[in-house]
Amino acid sequence: MRVSVTVNGQNYVRDVEPRLLLVHFLRDELRLTGTHWGCDTSNCGVCVVQLDGVPVKSCTVLAVMADGHEVTTVEGLEKDGALDPVQEGFVQCHGLQCGFCTPGMLMTARWLLDRNPDPDEGEIREAISGQLCRCTGYENIVRSVRWAAEKEASV
Amino acid sequence: MQVPASFEFERAESVPHALELLERYGPEARLVAGGHSLIPMMKLRLAQPDALIDINGLAELSQLGVEGDTLVIGALVRHAALLADDAVGAYFPIFHEAERVIADPVVRNRGTVGGSLCQADPSEDLSAAFAAVRADAVIVGPGGSRTVPIREFHVGPYETVVEPGEILTELRVRIKPGAGSAYEKVERRVGDWPVAAVGAYLRTNEGMIVEAGLGLTAVGAEHFAAPDAEAYLIGKAAGEDVLREAARIAAASCAPQADQRGPVDYKRHLAGELTYRALSRAAERSRA
Amino acid sequence: MSTPMGFGRMHRKEDARFIRGRGGYVDDVNLPGMLYGAILRSPHAHARIVSIDTSAALAHPKVKAVITGETLAGLNLAWMPTLSADTQAVLATDKVRFQGQEVAFVVAEDRYSARDALELIDVEYDALDAVIDARKSLDPDAPIIRDDHEGRADNKIFDWEAGDKATTDAVFAQAEVTVTQDMLYPRVHPAPLETCGAVADFDKVTGKLTVWCPTQAPHAHRTLYALVAGLPEHKIRVISPDIGGGFGNKVGIYPGYVCAIVGSIVTGKPVKWMEDRSENLMSTSFARDYHMRGEVAATRDGKIQAIRVKVLADHGAFNGTAQPTKFPAGFFHVFTGSYDLRAAHCEVTGVYTNKAPGGVAYACSFRITEAVYLVERMIDVLAMELGADPAELRMKNLLRSEQFPYTSPTGWEYDSGDYQKTLQLAMDMAGYDALRREQAEKRDRGELMGIGIAFFTEAVGAGPRKHMDILGLGMADGAELRVHPTGKAVLRVSCQSQGQGHETTFAQIVASELGISPDDVDVVHGDTDQTPFGLGTYGSRSTPVSGAAAAMVSRKVRERARQVAAAMLEASPEDLEWAVNESGGAWTVAGTGAGKTIQEIALAAHSSLELPEGIEGHLDATCVYNPPNLTYPFGAYICVVDVDPGTGQVKVRRFIAVDDCGVRINPMIVEGQVHGGLADGVGMALMQLMAFDEDGNHLGASFMDYLLPTAMECPSWELGETVTPSPHHPIGAKGVGESATVGSPPAVVNAVLDALRPFGVRHADMPLTPAGVWRAMQGNPIRTDLAIS
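Protein chains in written order, with the working numbering: chain Y, 1 to 155; chain B, 1 to 288; chain A, 1 to 789.
Everything labelled a hint here was simulated from the structure, so no lab data went into it. In this text, a Cβ means the ideal position worked out from N, Cα and C, and glycines have one as well. Be careful, since some hints might not be right.
[What the hints assert, rightly or not] A partial selection of chain Y residues facing chain B, derived with a Cβ cut-off under 7 Å:
1) 18
2) 40
3) 41
4) 42
5) 48
6) 54
7) 55
8) 56
9) 57
10) 60
11) 64
12) 79
13) 127
14) 129
15) 130
16) 147
[What the hints assert, rightly or not] So, partial list: chain B residues that the calculated Cβ filter (under 8 Å) puts toward chain Y:
17) 2
18) 4
19) 6
20) 7
21) 40
22) 44
23) 54
24) 109
25) 110
26) 120
27) 191
Model the full structure from these sequences, guided by the hints.
Laid out in structure tokens, this is it:
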């Protein structure tokens, strides 16, 4: 099937099998390997991307379902050479170790701050509760998102 | 990562178009909306439909609002939308409390109310919530639409009255004065299916219970309901002893099965404990 | 945060790529013409293979090859040696011995077709009775799992003991108080978010095999491939790219890696194989599965005298324990923990069952996790028996600082410690007395609050050659340091990071030794063609071993620099002093202002300067570090929980962790590692579990059933530190990667059981799920290794 998907502002037209998962479309067809996969059952959340501005688990979305829609991946966060504050926050607060969950966490964090510019610790924890991290114990991820919120409030 | 077997894919442009596609592809076709039940099953190859009919574009199934004295929830309403809706929270806190513990925020962005009900998992949270409030399900088919009380909607595990050529389009819930509702769930971890969960809906008039609804999930309650406990409550004051007795009756009417979430005795205990907790909070809200 | 000239907090150098989605993990490797592999696995726990028909799969238009055990047998590769003197089937030939065992390997043009082709392979099985309950594995009528071993008549792998049985038994015979407790450390899985996988590329023209594989031990893999497959070692290159978490899961060689290599050799194309999550959970290294009986002898006033332990160790169908010690139970015999006692003895029996092989993985420090859990649970059992406060009881029995270096009753040489100080700091941070008062008030109201303590001593940095090796390879690690003419440095190390931040920490070590900025040091790792030999990253050994190598090689460079500086300054090398100030490190002539920085010296070393004899013209150096002893980090953990008496749900309210890992190179990274380990502990204590039903079906084979903690189950961790340097480590560091995973589970379990004190509950096995807690309250605990019935 022919699909036309806008990814990080750029339009891509590809012929794909209907069963192709969005995560494989991004990784294997477009070579955007920043989005990862980690389970089969939509539990781990390392595949989170934004579909029309809303975070979704791209292992549970078919590429054909993204036809005509806009996808944003971790590669699209940096704008004109400037890091997104959530990216900066993860560096500042040591919000990542192995880096595997990081892209998904960043995409959800961006969405959270867009809806709620001043989330408290509990709101941040809830927002990322469908995404696993095995390295950080979540502590510094929470702090990273708070750092980004404060940075955005200060400009 | 596991990947689905091949299938054909069609995008429905309208409800009649979706019905036509269902007709064309026959019983091995499946509707897909959020896909968060179906696609994992397809990846694990526990489901291998011949065709998927994508209904994500059908705006007419996404309505969410109050029509007269009825709350109308389109089948395509995302869990996140139900959770974010103020009117839903005001009239039926049970839905917000249930949605808050269904899967996780990202899954809730995609998964739909209709998809959850049609999956008919015996541990599904919304099935209990809708059973508690005695919703009506509207189903359309080639011959027109029909309305089915939610307590007749589920035929058994993973089985509903929705026929292969039909589509669940919306859920309708009457809004009545003096009502309170609540949802209680025990899960092993956030985002897990319930070990047991109970939704309660009570209407009181001058302290006396005039309507009672109990929805129980994951504990083998027939049609996700506890009619004996509901009948017991009618006409009584919502005091602790009465609610405890109703909880006992509800627990006794369940037929839970042991699994890795817990043994039978624990699940039965939870059915009672959570019934009591949900009833207590529903009663408090009905008085507010 | 500014960059320190050495140790201290600094942001990680590796973050720049990860936050942009530019990490390079194994599934990101994409080679021209690459094919994809998929493994057909056994649905049975124990069955004889009657026949395998691959014809339909081979007829699939996109399938390039189907490899079975028979194919491999022709190459003498159907079985491979394990790291524990056993063999493991690569692809089953005679029978399958656990659910999920590898049976056939398909190579196809794309991953979807490879998966499709698995459905086309027809395997006929003759099902056999399975041994699932380890406690029945030695029954006379138990089916023999390893009938491939000639003459085998039972399922026993080993009997092993440590300590002094006679003395221990004598102490017990005379003890005023003894307590006994059975406990299970259930089977769990490290479950890194990136599963295992490999890309193998065999170049027929050059004869070179390149394997991209997220391995924690790239050099060990290379040597093992050479030994197993008979390939010349210089024609094998293992590249361990960015790794999405390891935790011990990525130490060993799995059948899939061998299949990918064979697939590439057979097809002449690169072959990628990636596990899915179920494969990862069902077939790769699990951890624990120790059925333990602990006994403690003590005086009435609470002085512990002896500990005695019996263990039944479930190793699964092949003894694939990936641990380098000469002891079949790894380091388990450090079970005397942090306490001063007279005698100790343990007996461990290892058995085969129809479950996946493994046993040492998941940040366990080679079974210290089990040992610490045992002793810390036993201390609480004793406290309950004596009516003593568990903190006071520990304080009374902890080793005292003047006892170090201390030789334990089972022969371990603890390097340094100041245990009371660490426990006291944890108690002060927690507000221990106030918590006990709050608990008492709550108990009066029927509320269940628990306070759990664990004190652990770790033994990491494997290790001395006399006690450990991997198939004869000593546990050393190498480092090579090049200093370019402009004074910028490249460090090459043999270990590989799975997220620990080696690119930052090791740069800081070099920076500290050379007096340059860590920004001026790049760390190269993970590629066997580009790094010196060494055994890798596990058992918290990166800093203790490779970190030591990095320091030692830097000192060699600095010493060469002294010679060159002497020539530059026309002074005698003995008259030069090393000094570091804000502008960097320099060799200076004692008593004068004259000196040369490392940058100046490096340029001179490459210049036309007449060099002193023995200096060839650069500052570069290599070194191999052989650890003289293990290092012994330790810590005191306090967990506070609330338990819902009506549902059994546990909420971890607070967790206080005071770690002493010696000198901290980058405290930010140390704290991050501790955070992660504490979350692991909450997971193991409350939810993570791999149980099996009576037919051997795996009941935790996806993330829907194998539950890992989310941000919602974790409290905001409260960390503290004490610093007791290791006396024998070049920079006094001890390692910290596994400390929190080792120390936190008993703290959580002790807290829950403390909350359940009003019910008279002395013990319940992990994981303490709501059902498990409620059943414990009813006096009818769940057996967690089997299906709940």
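Legend entry - Violated constraints from the hint list, given by number and in increasing order: 12, 16, 26
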